[in-house]
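**Student:** Sequence:
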Amino acid sequence: MMSGVVSAKIIPFIVLPILYRIFQEEDFGHLYLFSSLVTLLAGASTLSYEFSIVLERKLVKAFQLTTGVFMILFLFCLLTGLVLFLFYDQIVETTSLKEIEEYIWLIPFAVFVFGGMILLVYGIFLFVKKAKKKTNVR
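Counting in this note's numbering, the sequence shown runs from 2 upward without gaps.
For the record, the hints were derived by calculation from the structure and aren't laboratory data.
Among the hints, a few may not be true.
[What the hints assert, rightly or not] In silico lysine to aspartate or glutamate, DMTMM-like type, Cα no more than 20 Å apart, as pairs:
(1) K134 x D28
(2) K133 x E57
(3) K133 x E27
(4) K130 x E27
(5) K99 x D28
(6) K130 x E26
[As the list claims (entries may be wrong)] What follows is a set of in silico ranges between Cβ atoms, one per label pair, in the way DEER data are often shown:
(7) I125 x Y33: 26 to 32 Å
(8) H31 x S53: 33 to 39 Å
(9) H31 x V122: 26 to 32 Å
(10) K133 x E102: 44 to 50 Å
(11) V122 x L34: 43 to 49 Å
(12) Y33 x L83: 25 to 31 Å
(13) I19 x L80: 35 to 41 Å
(14) Q91 x V16: 37 to 43 Å
Cβ atoms here follow ideal geometry from the backbone N, Cα and C, with glycine treated the same way.
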């Protein structure tokens, strides 16, 4: 486990000088703005129901919860896309999103992918937890 953490820290450190030669500093700022917005919305998109998946004792109910949370996530992303479609001009003018104006339409898709990854992590955690319980492995 330690080697995974170390490699996760070393790889960006090695790649960063190459990326600085390819991209401008303001491109990194645009990426940070976009990723911050997506992370903020993805945290709210599942309404923190992913924690209830792990607490569920029955696998069938946990699967039903996962399906329900995916529906919530999908509806949240549709609503986000609808808000962006209806109020696009007002959002761009009143916020600092003018720099990432051409990428704003990717926000609902990125929120869905990020929220789906969160759900998959909790679903896999639940599956591993149930499998360990059945085999009595510690």
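**Student:** State for each hint whether it applies.
**Tutor:** Here is how each hint holds up against the structure:
1. K134 x D28: 48 Å, violated
2. K133 x E57: Holds - the C-alpha atoms of E57 and K133 are around 15 Å apart, at most 20 Å.
3. K133 x E27: 48 Å, violated
4. K130 x E27: 44 Å, violated
5. K99 x D28: Holds - the C-alpha atoms of D28 and K99 are around 13 Å apart, at most 20 Å.
6. K130 x E26: Not OK: K130 and E26 at ~44 Å, beyond 20 Å, violated.
7. I125 x Y33: 26 to 32 Å: 29 Å, holds
8. H31 x S53: 33 to 39 Å: 36 Å, holds
9. H31 x V122: 26 to 32 Å: 27 Å, holds
10. K133 x E102: 44 to 50 Å: Distance hint for K133, E102 holds at roughly 48 Å.
11. V122 x L34: 43 to 49 Å: 25 Å, violated
12. Y33 x L83: 25 to 31 Å: 26 Å, holds
13. I19 x L80: 35 to 41 Å: Once the Cβ atoms are compared, 39 Å apart, the range 35 to 41 Å for L80 and I19 holds.
14. Q91 x V16: 37 to 43 Å: 38 Å, holds
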